[in-house]
Amino acid sequence: MSKTVTTEPKRADQKPAMKEPITGHQLPKWSWVLFLAIGIGIAAGLLTLMETFSFAGSIALGVLVFLLLGFIVSAAVEGFRPAKDRLARYVVTSFFLLALLPLGSLLYEVVTRGAARFDWTFFTETQGNTHLMGVELGAMHAIVGTLMITALAFIISVPIGLFTAIYLVEYGASTKLASGIRFLVDVMTGIPSIVAGLFAYSLFSLILGPGTRSGFAGAIALTVLMIPTVVRSTEEMLKLVPNELREASYALGVPKYRTILKVVLPTSLAGIVTGVILAIARIIGETAPLLVTAGYFQLLNANPFSGPTSTLPVMVYQSLRTHGPRAEEMQMLGWTGALTLILLVMGLNLIGRLIAWKFAPKPGR
Amino acid sequence: MSAQAPSSDKERTTSSEPLDSSLVRDSKRYGDTLFSGISTGSALMIFVILAAVATFLTTQAIPAVTREPGPTGLTAVETAGGFWQWVLPLAFGTVWASVLAMLMAVPLAIGIALFLSHYAPKRVAKTFGYIVDLLAAVPSVVFGLWGVTVLAPALDPFYRWLNDNLSWIYFFNAWVPYGDGGDLRPNLAAGGQNMLTAAMVLALMVIPIITALTREVFLQTPRLHEEASLALGATRWEMIRQAVLPFGTSGIISSSMLGLGRALGETMAVAMILPGKVLISFKLLTFDNPNTIAAYIAQNFPEAEGDGNHQLIAAGLVLFVITLVVNMVARAIIHSRREFSGAN
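Going line by line, the protein sequences match chains D and U. The first sequence begins at 0 in numbering that gives the first Met the number 0 and counts up one residue at a time. The second sequence begins at 0 in numbering that gives the first Met the number 0 and counts up one residue at a time.
The shape of chain U in the complex, shown without the other chains (with noise of 0.2 Å):
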């Protein structure tokens, strides 16, 4: 509607000319012009720069992706096989570290939507809102700094206790054998410097995230879908189950799927908190740690020439793919669910 006023508002003006030129510019039209086309060109660079964006790593990471296995000038990967037995253990260590960060992330922040949206009292939801948007505002190198200097410290007598009393846990236990005897002994990451560690700290960083998405799908649950509900003798807990949470559902899971996306891309937190290997483990509190694919590329890119460089820029499109992926689906799912959504 909007878009077909204009135009029939400019065949007026248009068709006015001959009766009375002295009251139509003819500047109007060029101005016009000028500026549609502007704007057009602006939303095509988008477009460009995408493509750009795409075809500039493409051409940058071949040459790693097709190399013959050997040196790369990257110290940790001189003996590794082909990229792939190199990028591998590397996307491992993304999905898994983005994984563990959800698994304490989400229902962190479903609470405290939750909190904000149907418990703190109205006055101060607002400011408490105000209060964790201040999370988000930390700058990555900021959480980074404060992991390894101050969490990862004050955490180490935990693990500690953790390897010692609950190791039968197969994530607990850092213990490997040395010597012949069979004998054990503890293979902790130095000053708590470990995946858990990494993984609070994405968890910390998406928390915000979440929670800004899902208190405001809570805070559009139907008033009269919750006034029921207590109408009907439901605890506020009981209404929370039988309106705001299934109202909440699809935003919950794309909030979610987009705290992934940012997790998964996260860099400076864990690179300076986990010094990682090229490797697939599951143990969570050992010196040997899976690293991710951008916490890899920050650590040695500033160093690597030639062929490492090739490399790097390769697993970065691994990551760019990885990201784009988990990205689309969760618009999909929001896109698919906004015409059941029944806010009406």
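Chain D on its own, in the form it takes in the complex (with noise of 0.2 Å):
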């Protein structure tokens, strides 16, 4: 600032004062670029000498020294308030980028190790004998467990979770018992999923006796988990629907379930269907609670009331616990198993997201 001040007499001299800029001396836009460039240089050279180069760690200082150089020249140039603006500017964009990387790391591991095995006996082999060198490897049997188990945590849970909504929006509204309800999800909310696990095992042991591993308790475990998400996204979706519409299909005679039937829960729709779409993506995924209720096993079981059943996320988990000859193999098949995952989860939440845009309320009509 003071600066500015003490240049301005000077200027006044030698140009008309209309052509004075209103504003400081400002860096060039394209200033950052040169900013990283020097950091960088600067960290990698200041490596070199340290005789410890390397290409990530010189990245990781240049960014630093960038952040510090930037502030500095902003600091002497546009004075101290711009420099804090530019450093805040630098830091926040450098997070975002941060947060990018592991991501994007994560995803080429996946995508190239996982390319692999992605090939037809990956979803028409099971994991039959691994101590057979001459049989194909497959992880037919965990897709078909993690399809089973999901399908049957979806018909648990779906309809609790819709009629749990519709009762807090139309029927329980403000009450007490609503809001107790409505406590009660949020509490459903934070249960780890292990915990959930935990519960279905015990429920089977006491029933079943102990040790009892079945695809079925897999399922009530992910129930558990998949209800609170499903009342919660159902309920906002529900609240959206404006009263008019229901208090026109009063008037017209409409009694209270058709109203619900007819006018509410098809204005909702498609926000319900996003909403139960992501709640399936967030417990497809799910491991611990499954590796707790449902165990591990190498062979296709096709019925989830008895015996351990394999699926997806727990064959990824117990891929790097393989000893034996094919041990190497099976961690192959863990990272195709891994990639499948991915695919599954991320191809739902592109899914829910296409139905929720399509079918969203257009502005302005």
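Derived by calculation from the structure, the hints in this document are not laboratory data. Please read all numbers here as calculations on a predicted model, not as lab measurements. Be aware that one or more of the hints could be misleading.
[Claimed, not checked] Pairs of lysine-lysine, DSS-like flavour, derived with a Cα cap of 30 Å:
(1) D:Lys28 to D:Lys83
(2) U:Lys121 to D:Lys28
(3) U:Lys125 to D:Lys83
(4) D:Lys357 to U:Lys121
(5) D:Lys238 to U:Lys276
(6) D:Lys175 to D:Lys83
(7) U:Lys282 to D:Lys357
(8) D:Lys238 to D:Lys83
(9) D:Lys261 to D:Lys238
(10) D:Lys28 to U:Lys276
(11) D:Lys357 to D:Lys238
(12) U:Lys121 to D:Lys83
(13) D:Lys238 to D:Lys175
(14) D:Lys238 to U:Lys121
Two chains, each in its own frame: build the complex with the hints.
Written out as structure tokens, the structure reads:
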């Protein structure tokens, strides 16, 4: 600031007052490229001098030098306050890029390592006998298990979640019971997934004897995790339905349940479907509860009511712990399992968002 | 209001019944009763499920808490004394890992949320937001797989450097004495599989949750506050400090608490990365790491039997209580601040 004040009289002599810029001195917009290049250069040089040069190291240190450099130069040219503003902008942007880094690395590794076994046998064979060398290995049993358990959880939790949301919005409204249920749904949202698994395990070991493992127990555990998300999203969607629609329906003499079925639900259907799909995407990758309840089995077990059942996430987890002659192959299978999981989850997310976007009420109608 | 309107509606239809019964079908009322019955039943189902969770966990946990010290069927804890002597180090590990993760995640998440709400060009901000949301879509087991096979080995040289040059900082000190001569040797975790890596992966998993919530709060900052600040000559950063952050404080706190609740209960990533033990240690790089409750359960449950099962379920109950408290505090903050938020 003081700098601009001192330079003002000189400038006034040289140029007419009209040309005097009302803003202070500013660094050009591209200056950050220069700072970054210099910063990384300094860092690389420094590390080479210390004989500990590494590419990642010089980038990491370079960004720090870049931030410092940008701040100092900007403080000298533009003043202290703009320098702080510039520093904040750089820091915030680099934080964002920093978060993208692991995401990019993760996707890259999963895709490149998983693609090797992403073939037909992966979907048709089981892990049958890992000790026989001639047998093809696959993850069909785990895929079937995942689909089966997820479908069971879906069948149980969607009706409960949907009707609970209907109660909360249409019947309970602001009664004591409804606010109590809302509180409990909040509590349920916070249940750690492994605790849900332990609950299902305890339930089934009390009924069927200790140590029971089955796909159905896994589905019960996932239900505990899925219900609160379904209730929450459905409740939000039902709340969005304008009251005028309900009142118009009542005015025509339509009973309440038909109003809900024919007016309220169709209006909010897209949002509800999106919420349910996102809830499935959340539970399909759950590992811990299935590890505890459904266990691990290398062959196909299509009966969810008896015996351990493998699922994709559990298979991925177990692939790291496998020893023996074919451990390497099992690990590759694990990476392909991870790839399949990510494709499933992201595909579901995409479908959910597409539905939400396609059927969203257009603004300004 | 809306709750009363239909009931008065219903009265009107019933009162009109004697006038012209052909206008009103009886089945209507049965349908209504049935439908509201199903809805209320489902709502009560939530209560039943939670009660069942609490009851079953407690009944299965009681034998572990009251039993005599001795072998349990869990190899790691056979010599341990009572239940609490064994579960407290695990509870410490759980909280410690989550606190470390939050120390990394909260500043990053606030920065990312600010970037998305106030710095990124409007046109791409939404797409960037989706990209951050993608992080939330990655299953935890995949994070674990990536963490243990990619991230941990990649960070290993860095950890060695930290231990060599910065071991005067207590947390980075992994030297242990060996022999009689007072010599020291590094006791670094194999392949970078230490507390710091586990906390980093936990932070990664929590960041999208905190970011999504804080971004929403930041976007709700009253336009007039921001413009008033800018009109007084504030730079963008000063405007954020004067208008956006004070408005978003409660949002930041509550979303961080929700993220903490998530980090406490996160199982697979820690279970795969951290070969933890039942001990209390603040050191980040050593081979001897404290384990978390959730990871300990996941690592030992498949092989446990008898008393071991009860013990693990009791530990799960402790975890449940911890997360419950954290989540309750978060909700309380959201609730108490709702009336004060000046968003009108």
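Going through the hints against the structure:
1. D:Lys28 to D:Lys83: Between D:Lys28 and D:Lys83 the Cα gap is close to 16 Å, so the pair holds against 30 Å.
2. U:Lys121 to D:Lys28: 19 Å, holds
3. U:Lys125 to D:Lys83: With a Cα-Cα distance of about 26 Å, the restraint between U:Lys125 and D:Lys83 holds, given a limit of 30 Å.
4. D:Lys357 to U:Lys121: 21 Å, holds
5. D:Lys238 to U:Lys276: 48 Å, violated
6. D:Lys175 to D:Lys83: 51 Å, violated
7. U:Lys282 to D:Lys357: 52 Å, violated
8. D:Lys238 to D:Lys83: 44 Å, violated
9. D:Lys261 to D:Lys238: 16 Å, holds
10. D:Lys28 to U:Lys276: 53 Å, violated
11. D:Lys357 to D:Lys238: Given that 30 Å is the threshold and the Cα spacing comes to 20 Å, the pair holds.
12. U:Lys121 to D:Lys83: 23 Å, holds
13. D:Lys238 to D:Lys175: Roughly 18 Å separates the two Cα atoms, so the pair holds.
14. D:Lys238 to U:Lys121: 29 Å, holds
Of the numbered hints stated above, those contradicted by the structure are hints 5, 6, 7, 8, 10, listed in ascending order.
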